[in-house]
Every structure is written in structure tokens, then in C-alpha cells.
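Asker: Sequence:
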Amino acid sequence: MTIDHKRQTKENLHMKCRVKTTQKQLNEFYHFSHLLNLTDSPDEEAVYEAVKLMRIKLSEPLQRNQDFHQNKTTRIKYEAAWGLVNICSEGHEETRLTVENNGIACFLSLLLFPNHKYIEIAVWGIGNIIDGSEEYRDMVVQQNYVEIIWRTLQKNLNDDCNRRIAWTMVNICRNWKNQLGQTVLELIMTIFMHMFTNCNDIEVHKHITVSIFLLIEQNPLIIDVLIVFDFVATLKKLLLHSETELQTCIMKIFGVISSSHECHVQKVIECGIFEILPVLISSSCSQLRREVLIFLSGISAGKDQLKALIFQYNLLPGIIYHLHLKNEYVNQREAIWILCDILKSNNVSATNSLVNHGIIAEFGGLLSSEDYHVRIN
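Counting in the numbering used here, the sequence shown runs from 1 upward without gaps.
Rather than coming from a laboratory, the hints here were simulated on the basis of the structure.
Fair warning: there could be bad hints in the mix.
Said to hold, decoys possible - Derived pair list, reagent style DSS-like, types lysine-lysine, alpha-carbon separation capped at 25 Å:
# : residue 1 : residue 2
1 : Lys177    : Lys117
2 : Lys303    : Lys236
3 : Lys237    : Lys267
4 : Lys326    : Lys267
As the list claims (entries may be wrong) - Ranges between beta-carbon positions, derived for each pair:
# : residue 1 : residue 2 : range
5 : Lys237    : Pro317    : 25 to 35 Å
6 : Gln143    : Asn347    : 51 to 61 Å
7 : Ile202    : Val348    : 42 to 52 Å
8 : Asp304    : Gln154    : 43 to 53 Å
9 : Thr197    : Asn327    : 37 to 47 Å
Glycine included, every Cβ here is placed at the ideal spot set by N, Cα and C.
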């Protein structure tokens, strides 16, 4: 198809979308998606038409999970929403056009529908918009997206909807700004706990743990909120899952906590995490083992009673094991830091235990490491 032919096709489709009767709009509107498959980017008129059609008043109420094919008007809104979702996934300019043409409000209105198809497509559209910039994320939050999502979750959504919601929350939480409000932050935590409790989908759990990590990594003060909502015990239970990506992200969260206030560290210890660490530190996943070592590095930098837990749960062999992994320099460095922290404590029993495990010979061998940081440590 030539460029001129494609341009003419777009013009024809625009005309078909403007017809007055619902039936004629519906007959032609399935072709709307072709506007998005042409080589040149969707233009402002395509966005305008999609938004206008999404705002059509329903000719009849939509029943819970009613097949959208049974309602002509809602079918048009659904197809228009799909078109707009694809438009705002094209790039920054297309997202800007969507936002300026009131696309956020249109997607938010679809969240009020009782049908899961509309909820999923609405969340998808919002997700594409907030992926465009922090400015758009702030606009979405300020238009009460988080509050609407919380109400939407009361509808017992299917896994597809839950996955989409959890996916958008990652971008909601990235580079979080305190000025967005403590109330909103606490509502986000309420949403996370609700989804942990009521949704067993592993993808949902992964998105939520990533979101939590982003929040506390940027602002450790948010750990207080995490503790108040009792997430530590919930995250510890999820560590029992065999999905290494989920386990790795949870250990990242505990790694941040282990370097924070002593009372927070104590909460993690009380949840029984050390009972699981011997298995995790011997995982075949290098990244998971790294996060375990980072967590233990935070522990070993604390008081002697915290260091004692490493011996109590027989974690020393797993730590020393990483000194042999010549292709895992980061893990080697973390292991060295832990062992050095133990030596600095001047605990004779702990030092003797390290010597008995052959630590002197191990350190001597690392002096010829190719990695500068390993040698210097």
C-alpha cells in the first residue's frame, strides 16, 4: 500500500467513524484499528475521534460481565478504547495527544463499568499513559486513579484485570513523590495487601513486590508504613514460593530493611526469615544469592547478636562458598564484606570459627583475583 493510499484510507475511516447512527458506526468501527497499523503515526484527529466515541452515552445499562457484543453502543466504546490504548503506546507525542484530548478521564470512566473487559482495557490505557512520564503519572494520581482502583478491586476481578492493575502500580510507585500525599501512599499499601491476600497469581505478586521495592529504595522512611501494614510477615511467606524472580525481589526489599533502623531489622528477624536463608543462599540463581548476601551484609554490620544469627543458622559455609565463584565478583565482594564485619567484632569464638573454615587460605587466594575490588577488600 502506498503512502497516498494509506492517507486516503485514514481519511475514509475518519469519515466512517463520524456517521450519526449507532448501527452504522458499529458496522464500520471494527476498521478503526486499521488507523493504527498504517506506517505514519496516528494523528490528532484519530485521537479526537477515539475519545469522542468513548464518551458516547450508553443507550442501556451494562450488566455485570455482560458480553459487550450484546450492546451496540458499548461495543463502539470498547473498540474506541482499544484504539486509544494502541495510540498512546506509540510514543511520547501520541501519549501527549491522548492526554490533551481528555483521554485520562475517558479511561477512568471505563473503570466504573461492571464488565471486566472494560476494566482491563481502561487500566491498560492508564498504564500506557503513566509510562510516558512522571508528569502524566502525577496527573493520573491527582485525578483519583488510586481511589478508583481501590473501589474497582471490590468487584472480584479476574486475573487479567488484577495483572494489569499490578502492572500499572509499578509505574505509579517509580520515583514516588511525597507531595502526592501520605493518604494516597497508605491507600496504595492497602491495595497491595488486598491483592496479596485475595489474588494467587504469581505475576501479580511479582509486580507488587517490585512496586514496594521501588517505594522504599527511593524513600526508606516508607519502611515505617510497610511495617505498620504488616507486610514483613506476608513477604516472608511468599519467599517459600519457588519462583526465583519473586524471591529475588522480596530479598531486595529485606536487603533495604536490613540497612535501616534497628527496630525494622528486628521485625524481619522475628518473622522467621533466617529459617529460609540456608536454602536461598544455595540457590542456582546467582542474582537471588546476591540479594541474600546483601541482606546478610546489612545484618553483619549491626550488633554482635545479629552476627550470631549467621552462625546459629549455619550460613557461614554458604557465604564462604561464594569466595570460590571467580565469575561472580559482586557476590564475592558481598561475601568478603560479611566475613570482614564478623572479624571486626573481635569475637574470639567467631574468629576461631572462620579460621577453622579455612578463611585465611581463602583470603590469600583472592589476592590474585582479576577484580580490583575483590583484591582491595
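Asker: Compare the structure with each hint and give your call.
Answerer: Evaluated hints:
1. Lys177 to Lys117: violated (32 Å)
2. Lys303 to Lys236: Satisfied, since the Cα-Cα distance of roughly 23 Å is no more than 25 Å.
3. Lys237 to Lys267: Distance of about 14 Å is within 25 Å: holds.
4. Lys326 to Lys267: Violated - the C-alpha atoms of Lys267 and Lys326 are around 35 Å apart, more than 25 Å.
5. Lys237 to Pro317: 25 to 35 Å: About 26 Å separates the Cβ atoms of Lys237 and Pro317, which means 25 to 35 Å holds.
6. Gln143 to Asn347: 51 to 61 Å: holds (57 Å)
7. Ile202 to Val348: 42 to 52 Å: Holds, at about 46 Å.
8. Asp304 to Gln154: 43 to 53 Å: Distance hint for Asp304, Gln154 holds at roughly 49 Å.
9. Thr197 to Asn327: 37 to 47 Å: holds (41 Å)
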